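There are 2 protein chains.
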Amino acid sequence: MAFKSDIEIAREAKKQPIKEIGEKLDIAYEHLQPYGHDKAKISQGFIDSVQDRKDGKLILVTAINPTPAGEGKTTTTVGLGDGLNKIGKKAMICIREASLGPNFGMKGGAAGGGMAQVVPMEEMNLHFTGDFHAITSAHSLLSAMIDNHIYWGNEAQLDTRRVTWRRVVDMNDRSLRQITSSLGGVANGFAREDGFDITVASEVMAILCLASDLKDLEKRLGDMIIGYRRDKSPVFCRDVKAEGAMTVLLKDAMQPNLVQTLENNPAFVHGGPFANIAHGCNSVIATTTALKLADYVVTEAGFGADLGAEKFMDIKCRKAGLKPDAVVIVATVRAMKMNGGVAKADLNNENVEAVKAGCPNLGRHIENMKKFGVPAIVGINHFYADTDAEVQAVIDYCAEAGVEAIVNKHWAEGGAGIEATARKVVEICEAGEANYAPLYADEMPLAEKIETVCKEIYRADNVVMDAKIRTQLKEWEAQGYGNLPVCMAKTQYSFSTDPGQRGAPTGFDIPVREVRLSAGAGFVVVVCGEIMTMPGLPRVPAAESIHLNDEGLIEGLF
Amino acid sequence: MAFKSDIEIAREAKKQPIKEIGEKLDIAYEHLQPYGHDKAKISQGFIDSVQDRKDGKLILVTAINPTPAGEGKTTTTVGLGDGLNKIGKKAMICIREASLGPNFGMKGGAAGGGMAQVVPMEEMNLHFTGDFHAITSAHSLLSAMIDNHIYWGNEAQLDTRRVTWRRVVDMNDRSLRQITSSLGGVANGFAREDGFDITVASEVMAILCLASDLKDLEKRLGDMIIGYRRDKSPVFCRDVKAEGAMTVLLKDAMQPNLVQTLENNPAFVHGGPFANIAHGCNSVIATTTALKLADYVVTEAGFGADLGAEKFMDIKCRKAGLKPDAVVIVATVRAMKMNGGVAKADLNNENVEAVKAGCPNLGRHIENMKKFGVPAIVGINHFYADTDAEVQAVIDYCAEAGVEAIVNKHWAEGGAGIEATARKVVEICEAGEANYAPLYADEMPLAEKIETVCKEIYRADNVVMDAKIRTQLKEWEAQGYGNLPVCMAKTQYSFSTDPGQRGAPTGFDIPVREVRLSAGAGFVVVVCGEIMTMPGLPRVPAAESIHLNDEGLIEGLF
Numbered sequence: 014m015a016f017k018s019d020i021e022i023a024r025e026a027k028k029q030p031i032k033e034i035g036e037k038l039d040i041a042y043e044h045l046q047p048y049g050h051d052k053a054k055i056s057q058g059f060i061d062s063v064q065d066r067k068d069g070k071l072i073l074v075t076a077i078n079p080t081p082a083g084e085g086k087t088t089t090t091v092g093l094g095d096g097l098n099k100i101g102k103k104a105m106i107c108i109r110e111a112s113l114g115p116n117f118g119m120k121g122g123a124a125g126g127g128m129a130q131v132v133p134m135e136e137m138n139l140h141f142t143g144d145f146h147a148i149t150s151a152h153s154l155l156s157a158m159i160d161n162h163i164y165w166g167n168e169a170q171l172d173t174r175r176v177t178w179r180r181v182v183d184m185n186d187r188s189l190r191q192i193t194s195s196l197g198g199v200a201n202g203f204a205r206e207d208g209f210d211i212t213v214a215s216e217v218m219a220i221l222c223l224a225s226d227l228k229d230l231e232k233r234l235g236d237m238i239i240g241y242r243r244d245k246s247p248v249f250c251r252d253v254k255a256e257g258a259m260t261v262l263l264k265d266a267m268q269p270n271l272v273q274t275l276e277n278n279p280a281f282v283h284g285g286p287f288a289n290i291a292h293g294c295n296s297v298i299a300t301t302t303a304l305k306l307a308d309y310v311v312t313e314a315g316f317g318a319d320l321g322a323e324k325f326m327d328i329k330c331r332k333a334g335l336k337p338d339a340v341v342i343v344a345t346v347r348a349m350k351m352n353g354g355v356a357k358a359d360l361n362n363e364n365v366e367a368v369k370a371g372c373p374n375l376g377r378h379i380e381n382m383k384k385f386g387v388p389a390i391v392g393i394n395h396f397y398a399d400t401d402a403e404v405q406a407v408i409d410y411c412a413e414a415g416v417e418a419i420v421n422k423h424w425a426e427g428g429a430g431i432e433a434t435a436r437k438v439v440e441i442c443e444a445g446e447a448n449y450a451p452l453y454a455d456e457m458p459l460a461e462k463i464e465t466v467c468k469e470i471y472r473a474d475n476v477v478m479d480a481k482i483r484t485q486l487k488e489w490e491a492q493g494y495g496n497l498p499v500c501m502a503k504t505q506y507s508f509s510t511d512p513g514q515r516g517a518p519t520g521f522d523i524p525v526r527e528v529r530l531s532a533g534a535g536f537v538v539v540v541c542g543e544i545m546t547m548p549g550l551p552r553v554p555a556a557e558s559i560h561l562n563d564e565g566l567i568e569g570l571f
Numbered sequence: 014m015a016f017k018s019d020i021e022i023a024r025e026a027k028k029q030p031i032k033e034i035g036e037k038l039d040i041a042y043e044h045l046q047p048y049g050h051d052k053a054k055i056s057q058g059f060i061d062s063v064q065d066r067k068d069g070k071l072i073l074v075t076a077i078n079p080t081p082a083g084e085g086k087t088t089t090t091v092g093l094g095d096g097l098n099k100i101g102k103k104a105m106i107c108i109r110e111a112s113l114g115p116n117f118g119m120k121g122g123a124a125g126g127g128m129a130q131v132v133p134m135e136e137m138n139l140h141f142t143g144d145f146h147a148i149t150s151a152h153s154l155l156s157a158m159i160d161n162h163i164y165w166g167n168e169a170q171l172d173t174r175r176v177t178w179r180r181v182v183d184m185n186d187r188s189l190r191q192i193t194s195s196l197g198g199v200a201n202g203f204a205r206e207d208g209f210d211i212t213v214a215s216e217v218m219a220i221l222c223l224a225s226d227l228k229d230l231e232k233r234l235g236d237m238i239i240g241y242r243r244d245k246s247p248v249f250c251r252d253v254k255a256e257g258a259m260t261v262l263l264k265d266a267m268q269p270n271l272v273q274t275l276e277n278n279p280a281f282v283h284g285g286p287f288a289n290i291a292h293g294c295n296s297v298i299a300t301t302t303a304l305k306l307a308d309y310v311v312t313e314a315g316f317g318a319d320l321g322a323e324k325f326m327d328i329k330c331r332k333a334g335l336k337p338d339a340v341v342i343v344a345t346v347r348a349m350k351m352n353g354g355v356a357k358a359d360l361n362n363e364n365v366e367a368v369k370a371g372c373p374n375l376g377r378h379i380e381n382m383k384k385f386g387v388p389a390i391v392g393i394n395h396f397y398a399d400t401d402a403e404v405q406a407v408i409d410y411c412a413e414a415g416v417e418a419i420v421n422k423h424w425a426e427g428g429a430g431i432e433a434t435a436r437k438v439v440e441i442c443e444a445g446e447a448n449y450a451p452l453y454a455d456e457m458p459l460a461e462k463i464e465t466v467c468k469e470i471y472r473a474d475n476v477v478m479d480a481k482i483r484t485q486l487k488e489w490e491a492q493g494y495g496n497l498p499v500c501m502a503k504t505q506y507s508f509s510t511d512p513g514q515r516g517a518p519t520g521f522d523i524p525v526r527e528v529r530l531s532a533g534a535g536f537v538v539v540v541c542g543e544i545m546t547m548p549g550l551p552r553v554p555a556a557e558s559i560h561l562n563d564e565g566l567i568e569g570l571f
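Top line first, the protein sequences correspond to chains A and B.
Each residue of the first sequence is one higher than the last, beginning at 14 in the working numbering.
Each residue of the second sequence is one higher than the last, beginning at 14 in the working numbering.
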């Protein structure tokens, strides 16, 4: 079978001017800050003006553990938004922005796929509305101000060996992971070890995505810890007086970006924090604004439900006061087969037994969602090679697990292909059975929070934390950070810390390698295993073949 | 006397929607790519559509050597544009974009001042339309691809000790001037020395400002030299296949930015290369497009006429085929007094003798402009403390030098305050006496070109170049670069290399410290003295007091 590529479909999209998309939400053009004719930011004045409205219903799209087979979480998010509109509901979607740098390594990602996409796809993979550049600038300003503070006398007495604030650039550049800076003598400062992460790993990104408004943003930026003194007391961003200027750099980046789906339904695409060392959700301001503008808001979280949905519930919803009404867990027959032990090359061959063998991965995510008190259904993202028997095996498994599974064909058919799921979601929301609660209370000690997630969600036997880490957690509790949620940084490919362990593994421990305090974002990062915060480029990076063709169209990016 | 600040005036501006500014130039809204409601890029389709039109007249605004008294070159450029419109001519101005980073050190600059400004001022000092971020991204992509190329086997055999491509960031950060990168072992590459410049110093910036279109841009990017092999043969950007992806990143940045003056006249603000290691002019594409859209185009060049106008004539006009019709040399009574030996604190006291003593600085610039065959006048930018006798001394001096000097009060009065100069400029342009020619022929050997500029423009007795530099120039000539113009990097404060030597010094030599080949931009940089390509922040950076006030307005940036 021959399909059109995502980029071909995106280029053929009959986009409406962003002015008209805004009109669908009753946003006057003066309250849109256009970026070209197909993207716009929403003014803060408009956002302020809708605060008295009732909130719409919030639907989270999450997924099984990702496999190389692809699940289609964003595709389902976009499709479900279109499907809800198709059945006559006023619906919006809220998704994350793409990072620029990785597109030059591997091919860039669409926002969604097939007939369920958000456009303009190319701009969204390039500079878009400049949000990530603003974050890079704000982060870089603080970096410069820290070394400048040291240079001019170091009044805050920062220990140059204990500067925890790293630099960022929005590019895959392994050669910047570890550097020595301020070389070259007196005029260039005090030589020290330093390094770069990719912009999406910046705490500034996490903060932008959790802040309720610019005041809150500024406060949180000031709260960031940039390093420690010789006595190990923390030094904050506000000690070098950077938070005000950083907020100025971020003032436009804070405003949600409005674009549209292929079916001309409004979509917010805003923010994009890492899903391991941060919480992996689009911005709170976009989600809360969308809830004022639409009756149904469909959003997603990074990675599988063990990492993404857990953080959505325990970090984003807890902190932003959101109460999700329904969860859709995306699964595919192909991914079930991979969980059941089938190699990628064999995915197109029918194998019902492998599907059944892989389903316990899905089953565990279903169980986990119940722990947050939010009703879930399973959305089977249909691929053309899926056989009826395989699909039925998933449906049957879900029925036994007590949830409905519905086959979705939005990839091929757009919103029309996911109407059944849309209707079911509406039914769940209207029934009002959701009774959201986070997994653990704010008051629980940090070590216990970690153990709770590892045991309740991952099903680990034990959490291995050495005394140094436990002492660190106690210190943070003594400093007043004990009420923060934990943000688990773990492989997304397995419930365990071994990415090769698919399915629903048991009998494993979770070793905690390191803990980091994101005091501005407001969580404790718990690093379990190798976490890469600066990717490298492959031997033949996509950038080598990216270019403008004779018609001025971008080739090689997708 | 109490004046409103530039930012107060800018905020009170009665801006017209950018759609209406576009209409003044007969640009349909679909050919504007809006960025908010007061900024827009012009589509390439529109630019292509006007290529058959006749060119307007081109007027360069340049100045005496800068002094701490301030000359007001941009203010005069903006004012003259408004003045030409005021007398009924269709006029546009073309100026450079501001760099983000330096605003966080010292206070940010307006585009113009008083009643002669371009707005929106705040956005122009912050992210504007993202051009500089795009340049930083494109530059950073090449940086990453170079180290990635080395990492994966170094097929091009780049000598890691001879990588000449440095990194950039748009921030004043002295600690990045000199670093070692790729530390941390095998996974991070081959450790080497590296360093960062500020974005405006990037050759990518110079190229963007000299390229005629995206095809030319891509070719020039590919032509850039990124380093040398052990045999000293050059390695090009195209050897790591980066130019296509860089062009994709720069495709929007190539389009001119349309904004407006306080008097709602259209202005292009586009590009901003360093005026020492690069040519210091706004983009060729903005200037050539403006010439198709307006009967009179007023533009400026960086620093004083010895550096800025010389490069405008010998690099930008030569390479872009521009033929300027008139030059306005900006001078002030105050600057003449400083050239005459008066301290800044005493500038408000009348001192006619000092004015006369300082005039030879102006005189030499007047003489120099004649060498390019373009008629010049002097624009005296009036300050409130100037006395009639002081002003008359400048007018008399100019009359003796054979040029007319006219007092301009655009700062206080806008376009109405510079009508006399506008009329004179029209008279010169209509007379058609300009007969532009660059100072030296393409065919002249590189060393001779350097000597020509140093002797003809600066009036140096000798140029001191050691054998190593002469050999390097010969090598480049052998490689086919002999026909390039030279781009002098020298202090802007004096004709000599001693910034303390004001006036019209004689009896000095120019030592050439270093030469660099900007093979993509298409010039040989001749470094005479210390040239700073990465500024630092001061003890108390402006950033410490920059913040949003309770009304959401930016404080401390200006």
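Just to be clear, a hint being listed does not mean it is correct.
Heads up, the list lumps identical chains together, so a pair's fine if it works in one copy or across two of them.
[Unchecked claim] In silico DSSO-like links for lysine-lysine, alpha-carbon gap of 30 angstroms or less:
id, residue 1, residue 2
1, Lys336, Lys383
2, Lys264, Lys28
3, Lys264, Lys383
4, Lys120, Lys254
5, Lys264, Lys336
6, Lys384, Lys305
7, Lys228, Lys28
8, Lys487, Lys37
9, Lys32, Lys264
10, Lys37, Lys369
11, Lys228, Lys27
12, Lys384, Lys245
13, Lys103, Lys357
14, Lys232, Lys32
15, Lys232, Lys468
16, Lys383, Lys232
Hints in this document: simulated from the structure, not taken from any laboratory.
If you're wondering where the values come from, they're calculated on a predicted model, not measured in any experiment.
Taking 30 angstroms as the upper bound on the Cα-Cα distance, should Lys264 and Lys28 be classified as within, between, both, or neither? both (28 angstroms within a copy, 21 angstroms between copies)
Given a CA cutoff of 30 angstroms, do Lys103 and Lys357 count as a within-copy pair, a between-copy pair, both, or neither? neither (39 angstroms within a copy, 66 angstroms between copies)
Measure nothing new, just compare the shortest in-copy and cross-copy C-alpha distances for Lys232 and Lys468 to 30 angstroms and report within, between, both or neither. Neither: 34 angstroms inside a chain and 58 angstroms across chains, both beyond 30 angstroms.
Within, between, both or neither: Lys264, Lys383 at alpha-carbon 30 angstroms: For Lys264 and Lys383, neither the intra-copy (38 angstroms) nor the inter-copy (49 angstroms) Cα distance is at most 30 angstroms.
How would you classify Lys32 and Lys264 at a CA-CA limit of 30 angstroms: within, between, both, or neither? For Lys32 and Lys264, both the intra-copy (22 angstroms) and inter-copy (24 angstroms) Cα distances are at most 30 angstroms.
Evaluate Lys384 and Lys245 at a C-alpha cut-off of 30 angstroms and name the case that applies: within, between, both or neither. neither (38 angstroms within a copy, 66 angstroms between copies)
If the cutoff is 30 angstroms on CA atoms, where do Lys232 and Lys32 land: within, between, both or neither? Let me know, please. neither (34 angstroms within a copy, 37 angstroms between copies)
Indicate which option fits the pair Lys228, Lys27 if close means a Cα-Cα distance not exceeding 30 angstroms: within, between, both or neither. between (39 angstroms within a copy, 29 angstroms between copies)
Within, between, both or neither: how does the pair Lys37, Lys369 come out at a Cα-Cα threshold of 30 angstroms? Result: close neither inside a copy nor across copies, 44 angstroms intra and 68 angstroms inter.
Measure nothing new, just compare the shortest in-copy and cross-copy C-alpha distances for Lys228 and Lys28 to 30 angstroms and report within, between, both or neither. Only across copies: Lys228 and Lys28 sit 28 angstroms apart there, 35 angstroms inside one copy, limit 30 angstroms.
Taking 30 angstroms as the upper bound on the Cα-Cα distance, should Lys383 and Lys232 be classified as within, between, both, or neither? Neither. Shortest intra-copy (35 angstroms) and inter-copy (58 angstroms) distances fail the 30 angstroms Cα cut-off.
Measure nothing new, just compare the shortest in-copy and cross-copy C-alpha distances for Lys384 and Lys305 to 30 angstroms and report within, between, both or neither. within (27 angstroms within a copy, 67 angstroms between copies)
In terms of the numbered hints stated before, the structure departs from hints 3, 8, 10, 12, 13, 14, 15, 16, listed from lowest to highest.
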